[in-house]
Amino acid sequence: MSFDGIAIVELLRKPKVVNTWQDSDWEALIEQAYHTGLLARIYFILKDTGLLNNIPCYLSWHFTSAWKLFLAHNQDVQSEVERINGVLNSTGIKPTYLKGTAYLLEGLTCSKGRIFADVDVFVHGSELSQAENILKWQGWTVKELDAHDQHYYRNWMHELPPMVNSKTGLTLDLHHNLLPIVSRVKLDSELLLANLNEGENSNTLSAEDKILHSAIHLLLDGEFNHGFRDLHDIYLLIVENQLQHEEFISQLIARAIELNFEFILYHCLRLQQDIFLLKVDDDILNMLIKNKFSKMKANFIVSLFKAVLSPLPLKGRYNSISLFTLFIRSHWLKMPLHILVPHLVYKGFIAPLKKKEE
Amino acid sequence: MIVQDFSPKDITALLKTTGFKFKAGSFSVKLFSNIEGLAKGIATLYAHAEVPATACDFTVHLNTPFGLRRFFRPQVNFSLNGIEPFTPLPVSQALPLLEWGMNWCVTNHNHELLIIHAAVVEKNGTALILPGSPGSGKSTLCAALVELGGWRLLSDELTMVDLQTGCIQPNPRPVSLKNQSIDLAKSFVDKARFSPVVHDTVKGSVAHFTPQKNSIESASKTAQPKLIVYPKYIPNTENSLEQVSKGQSFIQMAENSFNYNVLGIEGFKALAKLHDNVECFSFQYDGNLEYAINTMDSLVR
Amino acid sequence: MVIQPCLDREVARYDCFPEIVLFDLVTKQTILLPEWEAAIYSYLLEQQQVNFDALISFFNIAVDELEFFEQHIEMLKQLKLIELSE
Chain V
339 MSFDGIAIVE LLRKPKVVNT WQDSDWEALI EQAYHTGLLA RIYFILKDTG
389 LLNNIPCYLS WHFTSAWKLF LAHNQDVQSE VERINGVLNS TGIKPTYLKG
439 TAYLLEGLTC SKGRIFADVD VFVHGSELSQ AENILKWQGW TVKELDAHDQ
489 HYYRNWMHEL PPMVNSKTGL TLDLHHNLLP IVSRVKLDSE LLLANLNEGE
539 NSNTLSAEDK ILHSAIHLLL DGEFNHGFRD LHDIYLLIVE NQLQHEEFIS
589 QLIARAIELN FEFILYHCLR LQQDIFLLKV DDDILNMLIK NKFSKMKANF
639 IVSLFKAVLS PLPLKGRYNS ISLFTLFIRS HWLKMPLHIL VPHLVYKGFI
689 APLKKKEE
Chain S
617 MIVQDFSPKD ITALLKTTGF KFKAGSFSVK LFSNIEGLAK GIATLYAHAE
667 VPATACDFTV HLNTPFGLRR FFRPQVNFSL NGIEPFTPLP VSQALPLLEW
717 GMNWCVTNHN HELLIIHAAV VEKNGTALIL PGSPGSGKST LCAALVELGG
767 WRLLSDELTM VDLQTGCIQP NPRPVSLKNQ SIDLAKSFVD KARFSPVVHD
817 TVKGSVAHFT PQKNSIESAS KTAQPKLIVY PKYIPNTENS LEQVSKGQSF
867 IQMAENSFNY NVLGIEGFKA LAKLHDNVEC FSFQYDGNLE YAINTMDSLV
917 R
Chain P
462 MVIQPCLDRE VARYDCFPEI VLFDLVTKQT ILLPEWEAAI YSYLLEQQQV
512 NFDALISFFN IAVDELEFFE QHIEMLKQLK LIELSE
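Residue numbers (this note's numbering), protein chains in the order written: chain V, 339 to 696; chain S, 617 to 917; chain P, 462 to 547.
What the hints contain is simulated information worked out from the structure, not anything from laboratory work. Predicted model only: the values in this text are computed from it and were never measured.
A few chain S residues that face chain V, going by a derived Cβ cut-off under 7 Å, partial list only:
| no. | residue |
| --- | --- |
| 1 | 670 |
| 2 | 671 |
| 3 | 675 |
| 4 | 697 |
| 5 | 698 |
| 6 | 725 |
| 7 | 726 |
| 8 | 727 |
| 9 | 728 |
| 10 | 878 |
Here's a subset of chain S near chain P, in silico, CB distances under 8 Å, partners left out:
| no. | residue |
| --- | --- |
| 11 | 862 |
| 12 | 863 |
| 13 | 866 |
| 14 | 877 |
| 15 | 880 |
| 16 | 881 |
| 17 | 884 |
| 18 | 888 |
C-beta: ideal position from N, C-alpha, C; glycine also.
Next up, chain V with everything else stripped away, as it sits in the complex:
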């Protein structure tokens, strides 16, 4: 599918396009921005480029309201981080924040207007039970899960069942690995931890690793609710870093090769080219494939991802088939078959029945 002519894509590619917009274009943009959760980010982009006045007066409340919600969210997350740091630092643990929280703490462009429900925290496997215990002691509670889900989280996945701060309602995901433990795609967390941006009380991943980590989740998680936004996060991360070092893309590629994530980054960059028109030289891109996998298969995967990452509200059958294919694919990559089959059976047949019994 083509992304040309989709209001939100046109705006993100070149904000000045709004100079030519009619009311119907704004209507389409608002629809797509609600769907993708990008209203507040678009407010920021239009403000940053001096284009806010183009929004028809009677529609501007959508954007300003989303921005206010972001400001309140920003303040909540900042104080949540202070609380978490306070609790974990007191036992000598220095947490590493991931994803949205990390962008926010570093004040990156992609954090402006980005609203998220989970604070993702990584601690070392050896610190995990201590961290979990002290957080529970300090008022975080674990969401109730049935025995299957508990087992799934603890033994196969890379994070504990989500914890909720009973005072603020924010969810905390405590990770002890950066990818599922039994994943077919291996990631040595130690390699990422050797390369951190160190802060006073907490850390974040390095610029390259933040992008790779986000790309891994985007392409392997099998859930695309925020997929379009996450893809645009990566775009903004790349552009912001490129402004600082011209050679950033080469560094990113070198890092992907070092960590064995060539195929993830390759697909991710292809999507960036196609959707946001990111400029990447073909020579550089080819370094990532080097005959390791066929271009035809890559094209097929890219087209599937483009279908599910569309910013248009879901319609039609093609999309649900793509979603299903990618769901299986992501689980296939994450889990060995003997675990995958019972898990899917459980999710598909047992869990829905359980809901009915309640």
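Got chain V sorted already, so can you dock chains S and P onto it with the hints?
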């Protein structure tokens, strides 16, 4: 153009194709739906509402999900641009679901106004705010004031306070009634203005009636709030009207607000400004609506 | 309405005699100080700075009689819930 200019058949055709646009209170909706009979309900409840030619605020899909479920106990799903905040309901509840969904659209996304869960009506330029928990008789009192007492309906559910001016922005939408209050209201409101009663919803039996034409037509006329009355309906009780302290009222209004927490200090300032200009009362009444109307009238004389 | 620094944080204040409504800019909590608490709060602010958290938890204890007013101030001082600015 207003909704009345369209026949239910026209509306059905639009709902199934390009969407039907109409003004629901101060906000415009573009509605898509494959549900038979929905058009008739919309034609009744939104008869005088404008059909705008400009861009709309919310694109809403109210559809029966695909699959076998369509034939066996069909359900209806509310979606705002692909976001589905509610579990599907039996298809008979489509119209109430649209109303609840529209409330969700506004209260979850508009933070340019402080939005309080309260009815609000106006007379002689004075807005009267009626906050009330379920069962307090807030909606019945509101219906009586606008239908029998000559007050203008600003909103029966969402009181929207402008953060800059402190004025109330009207949001005249269908008035919602529950259980016994439906028959009571039918005794003084033309039955043709009612949507069919829907039984067994999460809120019991529910029906809506369309506001008067003048309320819809003066939807852009804001009003200065000067009174907050906390109604409490208790059968066989002694009627009483007592002053409530501003501090107590301030806290109650904060607790009844949907976005006070999002607004933070702005919300606090708005409530402070509001309380500078209002008198606050608690009103206990036995269901005698004539007495209630006289009491409210005496407060604005 | 005024925004007023306490010893430990910023608090917005709405006076509606005899009560005071306070809004904590950090935790976003809104607190109503009824008549007596409001009087004590105002008095303390005139006299010295107040440790807000301590004061609020103190107010959870009923304070309702005029003749105890000075005693309460003394108690607050003894409990080190307030600090003298002199």
